[in-house]
Amino acid sequence: MAARPDEGSCYNKRMPIIEVSHLTKTFRVPQKTPGLTGALKGLFSRHYKEVQAVRDIAFSIAEGELVGFLGPNGAGKTTTLKMLSGLLHPTSGDARVLGYIPWKRERAFQKQFTMVMGQRTQLWWDLPAWDSFLLNKEIYEIPEAQFQETVKELADLLEIQDLLEVPVKKLSLGQRMKAELACSLLHRPKVLLLDEPTIGLDVLMQQKVREFVLAYNKRWKATVLLTSHNMDDVAELCPRVILINHGQLLFDGTLDQFRQKFEGKMLTEAMRAAFTATH
Amino acid sequence: MRKYWFVFSIYWQEGLSQRASFFMERFRALVVLVSFYYFWSALLKDRTSFAGYNYSQMITYVLGMNILRGLVFASRTYEIAGEINHGRLSGYLLKPVNFCLYTFFRDLSEKSINLVSAIIEVSGLALLFHLKIQWPHQATSWLLFLLAITGATVLYFFLSFIVGCWGFWTAESGGPRFLLELILEFTAGAFFPLDVLPRAFQDILKLFPSPYLVFFPLHVFLEKLNTAQIINGFLMEGFWILALGGLAWLVWDKGVSAYGAEGS
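Top line first, the protein sequences correspond to chains A and B.
Counting with this note's numbering, you get residues -8 to 270 for the letters of the first sequence.
Counting with this note's numbering, you get residues 44 to 307 for the letters of the second sequence.
Mixed in with the good hints there might be a few duds.
Heads up, simulated BS3-like pairs for lysine-lysine below, C-alpha to C-alpha not over 30 Å straight-line [said to hold, decoys possible]:
#  : chain 1 : residue 1 : chain 2 : residue 2
1  : B       : Lys297    : A       : Lys32
2  : A       : Lys252    : A       : Lys102
3  : A       : Lys143    : A       : Lys209
4  : A       : Lys160    : A       : Lys143
5  : B       : Lys267    : B       : Lys88
6  : B       : Lys297    : A       : Lys102
7  : B       : Lys249    : B       : Lys267
8  : A       : Lys95     : B       : Lys297
9  : A       : Lys143    : A       : Lys102
10 : B       : Lys297    : B       : Lys175
11 : A       : Lys181    : A       : Lys209
12 : B       : Lys297    : A       : Lys40
DEER-style ranges, computed between Cβ atoms [as the list claims (entries may be wrong)]:
#  : chain 1 : residue 1 : chain 2 : residue 2 : range
13 : B       : Ser166    : A       : Gly26     : 55 to 63 Å
14 : B       : Leu278    : A       : Lys95     : 34 to 42 Å
15 : A       : Lys95     : B       : Leu144    : 15 to 23 Å
16 : A       : Gln110    : B       : Leu225    : 32 to 40 Å
17 : B       : Glu57     : A       : Asp85     : 38 to 46 Å
18 : B       : Leu144    : A       : Thr17     : 30 to 38 Å
19 : A       : Ser36     : B       : Glu122    : 27 to 35 Å
Just some of the chain A residues that point at chain B, by a computed CB distance under 7 Å [as the list claims (entries may be wrong)]:
#  : residue
20 : Lys73
21 : Ser83
22 : Gln113
23 : Ile130
24 : Leu195
25 : Arg250
If you are wondering where the hints come from, they were derived from the structure by calculation, not from laboratory data.
C-beta atoms are modelled at their ideal positions from N, C-alpha and C, and glycine is treated no differently.
Here chain B stands alone, though its shape is the one from the complex (with noise of 0.2 Å):
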């Protein structure tokens, strides 16, 4: 594993050589974190409570999804389609190293960086208006939470990975990406709360694996969640973190099949 740690490393030297890039990025994020306080205090300014969140909550769920934003979407697999259209994936394929690893620990600095920035800005943010956070009462909840967002992140990796690997059999996977990332963060939870729709669409969505990425994560950390409902989602989550792992593995193994090595 040290190879795997080592890749880590390396992408956080070459982030932080990048560094008009990394203040960009930074910046959005800001932005999104900002309109998204301004839009539900605006929101809960005349209420006590919107869609069973009470200001505190809906606040810690607002800040909470900002740092899952930058925790689990936070990935560079986006790269997976244009390495594999121009070839540069041969330079993995050559070398005695695992890609679906070396592109895991890759994203784990992605997100690594994102995350410590999120959490600064967050934290930021907090202390500047005052906030009133919402932290579990329970310690369970705060194990419960970390293994959820473990969870969440392997998923999105897997999601992730399967779209990117579409770059071996068409040189547009583009479009794919950017529906999936866009009907991803809807149906995730990381726009708003999914209890603000209609209760038979969310038991719908339930079913798929979008609500365990930030959704599910942050309802632990809310406690917001009887036990049997906390027992139904990590089963959830389990098994769409197997069938997506699977589904990555197959298509891993026939994409490199098909590899035309163009480019190279």
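Just chain A, same shape as in the assembly (with noise of 0.2 Å):
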């Protein structure tokens, strides 16, 4: 099991490394009757419907912050985390990571983060994962001599020095994961955005995952905001969470604050009891 680091009170008296306020971000989506006649109908007339995914959140992480972004699935998570990568503009409020607005897309401020998707992935399906490594170079503009030595150094780490004049194709999720994980980290990140890195993984490649993250954390003093259903994942790995359901802050505070405030429940439990008070 994963050594959990320490669980400090004191992230907020480190250098803000994400700063979050009154962030907003609205979608008009379509709507369409259900059937043939109201897909022709929509042919002519489209009616549209605003969702509000994220509700004027605030939230400020320090440098070197392992903090796990809580909340059922529709909550705003992935929302939050696109704003805070760059994909997405928001509707209203403000957020500097590093100190750049994000969604300017700044190159010296995308040569500092990464953003890990569970369900996606960056490697050439065909070609071997070494391939991807050395387009990450490229783009990253990686001294040779480091890129050498990251690359050792992450292979070393997450086992995967085999693997990797491998097409893609022929590897397992895990084996994917791994080599994933690795090919964002090349260019050696400060900020490190991971939605649902564990998903779809057995036991114990999850807990792989998790130690590798914490070492790089430890490492590099990375900030870390991290995304996942697994509460494993945030247990092991997240002295701080933050709370987060229909769009809108419900809790921020140390893991220990969260089950104090819930009587000592488990995690789980002590989610669920959150969640349910919000609706």
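Quick one: dock chain against chain with the hints and give me the complex.
Here it is in structure tokens:
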């Protein structure tokens, strides 16, 4: 089992790396009446519904913190992560990551963070992972010596030395996830946005990924914001949790504070209680 | 620029790893080439010329047309709409990479594979049937031809990129792309020389970008244009490159702001 980092309450005393204030995202979703008649009507007149995915949330994350970003499906976690990575423009509000406005997508910012989506891969399906590594080396302009050193270090940590020359399509899901993680960290990012990094993995592989994230966090003082439905990920990795539901912030504090608030319930039960209370 | 040349190289590797698709595509191109050859040969069998082309000029046009189809129209910009709609665009947006340049080099990779194959096929056909090709007499014609096909490649890329960007606003960009490709190939002279069309129609077409994709470069190659026509052609080609380049930038900029990153 991975050693838990010190559960500190001093996270807000260090330099903030991620700052979010009054962040709101509203989507305009097209509506369609079911059936063929609805499809025909939709050809000529389309109605839209506004959906508020994130509502006026605010938080701050300091350098080196490992924070669990929790909530049920559709709570707004991934939308928030997408705004913090610069994929989405917010409807209103502000966010700074490493001092940059993410959605301006400045090169200097992009070279210092990474986002790993458990259900997405950046690896080339028909080619060995090594080719994807080389592509990222060029894209992030990583010097040769640093690249070789980082690959060796990551490959050792993740135990993927023998897999780098095998076409990605021949790898198992767990092996692919480990190669994906390595590929995402070649440029030694300071900020890691991890969206369900252990999804679909078996227990053993989940454990390895958790150990790796913790080791990377300690080695590079990286700031990690992690979403997961796997409470073991949070319990083992994150001294601090942020809870969100219906786009609104429900809780922001240490794991211990969270447990105290819900009278020492197990994390999963406490989460359920918190979300039920907001319905 | 090093990163983009690596993109070029990695797509070559991917292209060569998908051998079945590659050979199918080349077979299709070969069928088109042989069909056009027999069609125009039959048409010119009992004539000395047709629409101002003698046999040698027409055969050169048909072979050149096939090579330019491989160069100008070979593209992977059709993937852009899918990348947008399925959220795969996110993978590019997260990285310090210019997506427009990335896709241009991805296209270059596709074009170079197709170009090399088309040259081999055309040369094979020319040798097999002892075809007489009309080469340019002047060195400047070669230079102008190279300039014209470079412009045509960039021009088609911008057109195709803009259509791909429709994916930002609709999931149904397949229809517009199909229509664009059909109209473009017809009006570019990629099925037949535009000289066979009525004069008034030709004059109208020359105001649009399509004739500068295939017809104009091949006319430069065949030395069928006078100086004024060449200058006019390059001015029009340059104008459309600038206009469509500007429009591509605008559409991309607006589109990325509206991007919903769905599915990722």
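Hinted pair Lys249/B and Lys267/B, Cα distance within 30 Å: Since the Cα atoms of Lys249/B and Lys267/B sit roughly 16 Å apart, the hinted pair holds (cutoff 30 Å).
Hint status (Cβ of Leu195/A to nearest Cβ of chain B, threshold 7 Å): violated (27 Å)
30 Å Cα cutoff - pair Lys181/A, Lys209/A: Distance ~11 Å between Lys181/A and Lys209/A Cα, so the pair holds.
Range agreement (Cβ of Gly26/A with Cβ of Ser166/B, hint 55 to 63 Å): Cβ of Ser166/B to Cβ of Gly26/A: about 57 Å, so the range 55 to 63 Å holds.
Supplied distance hint 38 to 46 Å, evaluated on CB atoms of Glu57/B and Asp85/A: About 41 Å separates the Cβ atoms of Glu57/B and Asp85/A, which means 38 to 46 Å holds.
30 Å Cα cutoff - pair Lys297/B, Lys40/A: holds (21 Å)
Proposed interface contact between Arg250/A and chain B, which counts if any beta carbon pair is under 7 Å: violated (33 Å)
Holds or violated: Lys143/A to Lys209/A, with C-alpha atoms at most 30 Å apart: Answer holds: Lys143/A to Lys209/A is near 18 Å, not above 30 Å.
Supplied distance hint 34 to 42 Å, evaluated on CB atoms of Leu278/B and Lys95/A: holds (37 Å)
Cβ separation of Lys95/A and Leu144/B, checked against the hinted range 15 to 23 Å: holds (19 Å)
Pair hint Lys143/A and Lys102/A, alpha-carbon separation not exceeding 30 Å: Between Lys143/A and Lys102/A the Cα gap is close to 20 Å, so the pair holds against 30 Å.
Leu225/B and Gln110/A - C-beta distance against the hinted 32 to 40 Å: holds (36 Å)
Hint compliance for this structure: hints 2, 10, 21, 24 and 25 are not met, and every other hint is.
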